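Colleague: With chain A held as given, fit chain B onto it using these hints.
What follows is the residue order along each chain.
Protein chains: 2
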Amino acid sequence: MAIQQKLSLMIPGPTPVPEKVLQALSKHPIGHRSKDFQDLVEVTTKNLKWLHQTKNDVITITGSGTAAMEAGIISTLSKGDKVVCGENGKFGERWVKIAREYGLEVITIKAEWGSPLNPKNFKKILEEDKQKQIKAVILTHSETSTGVINDLKTISSHIQEHSKALSIVDCVTSLGACNVPVDDWGLDIVASGSQKGYMIPPGLSFVSVSEKAWEAAKKSCLPKFYLNLKSYKKSLASNSNPYTPAVNLVFALDESLKMMKEEGLENIFARHNRHKLAVSSAIKALNLKLFADEEHLSPSITAIETGEIDAEEFRKTIKNKFDILLAGGQDHLKGKIFRVGHLGYINDRDIITVITAISNALLEQNKISTQEVGEALFAASKHLNIN
Amino acid sequence: MAIQQKLSLMIPGPTPVPEKVLQALSKHPIGHRSKDFQDLVEVTTKNLKWLHQTKNDVITITGSGTAAMEAGIISTLSKGDKVVCGENGKFGERWVKIAREYGLEVITIKAEWGSPLNPKNFKKILEEDKQKQIKAVILTHSETSTGVINDLKTISSHIQEHSKALSIVDCVTSLGACNVPVDDWGLDIVASGSQKGYMIPPGLSFVSVSEKAWEAAKKSCLPKFYLNLKSYKKSLASNSNPYTPAVNLVFALDESLKMMKEEGLENIFARHNRHKLAVSSAIKALNLKLFADEEHLSPSITAIETGEIDAEEFRKTIKNKFDILLAGGQDHLKGKIFRVGHLGYINDRDIITVITAISNALLEQNKISTQEVGEALFAASKHLNIN
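These protein sequences, in sequence, are chains A and B. Residues in the first sequence are numbered consecutively from 1, following this note's numbering. Residues in the second sequence are numbered consecutively from 1001, following this note's numbering.
Don't read these hints as lab results, they were simulated from the structure. Please read these numbers as outputs of a predicted model, since none were measured by experiment. The beta-carbon is built from N, C-alpha and C at its ideal position, and this holds for glycine as well. Incorrect hints may have been included.
Quick partial rundown of chain A residues pointing at chain B, CB under 7 Å, derived from the structure [unchecked claim]: (1) Pro29; (2) Thr62; (3) Ile98; (4) Pro201; (5) Tyr243; (6) Asn360; (7) Leu363.
Selected chain A positions facing chain B (in silico; Cβ < 10 Å) [what the hints assert, rightly or not]: (8) Lys6; (9) Leu22; (10) Gln53; (11) Ile74; (12) Gly193; (13) Ala217; (14) Ser220; (15) Gly307; (16) Ile309; (17) Gly328; (18) His332.
Bound conformation, chain A alone (with noise of 0.2 Å):
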């Protein structure tokens, strides 16, 4: 096992640990009954409150963001609930399945892998549905799969004007890398994970809840403990926890949670949005696809496609020669994509270095000409601060 190697992350999660969240991370536990904890979970609470841009609740969940997502839904509705999912990638069809397996009936809204949801589609059913029985819309924000981000202000729009259906959206890979101003855009439940924007590695989540999404919470009968939200409420009240969490994880968030309130919200998503332009446009100087429609890339991810070239094969190259590991494609798309993450404790240097890592394979496999790499280069430095 070569886990001691200098590899740099470029997947979308885990993503790279500053070595300040490291040590963090290596701190001797503490009880988690201890007043010193509950003065971390109070610290933790109002930063997470300040990185969603919301006064409600923000709940810490021990689990992955399919977890929170999971405990999104099931904690404010109830069996037969009529539900629309939007659904364009991997992680839209998840939440699509559990939605299922609990009994709701799904109205799915689909669009083609790579391309985003259409905001009009939420528009017609929301408004189609006079009788207000749609309790939730079910989406994903930043669709980690395609590299596509959809228009959830849009959306969440649409689902105000309905004033009865819940917003439960994930923004795994948009929380931390692109605006979510909750409150702003009156997003009910929100779920999101450490091992991405928020620069920790994998082993907590966060739901936001609304007091909208509380109140149905009342209401809900589906069978739930572990990822039941309303007990986490109750723990919140005095800064604790229903069920032991992952202690050391806190310790790592909540220095990262001060390294993000440093660099200030608006640098955050402006380092993501010069990072996602100066990675798509010399993609583009390579001679290669970007997977997802130009419009609606995401802040975090970019999904490549290689055309004849296998992109398993391409980033196993990447990785013995650069160290530098790449996400592949998932299902369908494996062997035909390969994704670059840029989420999280990345500077430019890391794109200035991963866009000279594929330009070199390419060009060693003869696919393009040192002009076309000298073009890629000036094409991302346009964006980047090194300019």
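Modeller: Just chain B now, kept in the frame of chain A:
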């Protein structure tokens, strides 16, 4: 927040973490879909089987011990199933709550808090179930809230005689502290947690699952997603995980399991037994009362009645003066007992130190004489290797 202070954890979890394990925790994360991580899952799974003394699958979940128990229950049972729950403490009560939440028909076998469950009560109910309607027996091995260990070996033998019912056992504070030979005792589902005998911080939990339990899982129709053990089994076939696991805690697990193998199961069990005997004999010499039945003391935790002394004040004194964190009583026992955790990374010195601290606090309050302090230390040392 004094989270950097030199605090010694003698609570039933989080337990102290060895330096080597803390260092493993602070490594840069790796991709959870990488070959390196698969290699790590292969090794830790093999060593988890060693620890469980089993050929069964042992699954690692990112979540608390409660998540692991819930996973065991909801992955193998269906709505309306009849189950028998042992209930003689806070955790026993919790498994009853989970079973009822999911619509199981629960028959409880109770004992007073501080007393063990009577195996004969299980034998009787199981023998009377001629129609074999009981689908599972759910119980806690070491009841953390009271310091009682239940006679799992005998109870399990009665479940085996019944032949149809599964055993679903909370071994959260017994596994890695005393003998839990999963195959020898024929245990179907065994749940445990990282922040206990495993000597790593909280965030991971473990479930060992027998073939008989996997058979039952095929018929289980309770709704579940994140805690569906079948998804973990499928992924485990390729040393993978269905959802993003807490990668850094797995680094820590790898290290701690290696340490446990180096010490050896017999030595680990003997150490915990030694510490149990040292603490309980000192407590008696100090004229305090053991809360749990003396014949059924948990190897991991000793609960102590404080009589007219406020147990919470007593804990505070020990914390402030000696930097030793003890656990309080839960629910109706708050203020009436305190609990000394001697679980995981604890050595003879820690035991002598905590006895000294308790003695000193009692002496200062004029509750005992110097003669009794000496007797307590002498009584304890007879059981320790320092003798």
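Colleague: Each hint should be assessed against the structure and marked as holding or not.
Modeller: Status of each hint after checking the structure:
Because the beta carbon of A:Pro29 sits about 4 Å from the nearest beta carbon in chain B, less than 7 Å, this interface hint is met. At its closest, the beta carbon of A:Thr62 sits 6 Å from a beta carbon of chain B; the interface hint therefore holds under the 7 Å criterion. Taking 7 Å as the C-beta cut-off, the interface hint given for A:Ile98 holds, the closest approach to chain B being about 5 Å. With a least beta-carbon distance of about 4 Å to chain B, the hint placing A:Pro201 at the interface is held under the 7 Å criterion.
Here the hint on A:Tyr243 is kept, as its CB sits about 4 Å from the closest CB of chain B, short of 7 Å. For A:Asn360, the shortest C-beta to C-beta distance to chain B is roughly 21 Å, which exceeds 7 Å, and the interface hint is violated. Restraint check, A:Leu363 versus chain B: the minimum CB separation of about 26 Å is more than 7 Å; hint violated. With its C-beta approaching chain B no nearer than about 9 Å, A:Lys6 sits inside the 10 Å limit, and its interface hint holds.
Interface hint at A:Leu22: satisfied, since its Cβ lies 4 Å from the closest Cβ of chain B, which is below the 10 Å cut-off. With a least beta-carbon distance of about 25 Å to chain B, the hint placing A:Gln53 at the interface is violated under the 10 Å criterion. Look at A:Ile74: its Cβ gets to within about 8 Å of chain B, closer than 10 Å, so that hint holds up. A cut of 10 Å between beta carbons decides the hint on A:Gly193: the least distance to chain B is about 7 Å, and the hint holds.
With its C-beta approaching chain B no nearer than about 15 Å, A:Ala217 sits outside the 10 Å limit, and its interface hint is violated. With its C-beta approaching chain B no nearer than about 12 Å, A:Ser220 sits outside the 10 Å limit, and its interface hint is violated. Evaluation of the A:Gly307 hint against chain B yields a violated restraint, the C-beta minimum of about 23 Å exceeding 10 Å. Residue-level restraint check for A:Ile309 is violated (minimum Cβ-Cβ distance to chain B is 20 Å; threshold 10 Å).
The criterion of a C-beta within 10 Å of any C-beta in chain B is met by A:Gly328, whose closest approach is roughly 8 Å, and the hint holds. For A:His332, the suggested interface contact is broken, since its CB lies about 17 Å from the closest CB of chain B, more than 10 Å.
Checked against the numbered hints given earlier, the structure breaks hints 6, 7, 10, 13, 14, 15, 16 and 18 and satisfies all the rest.
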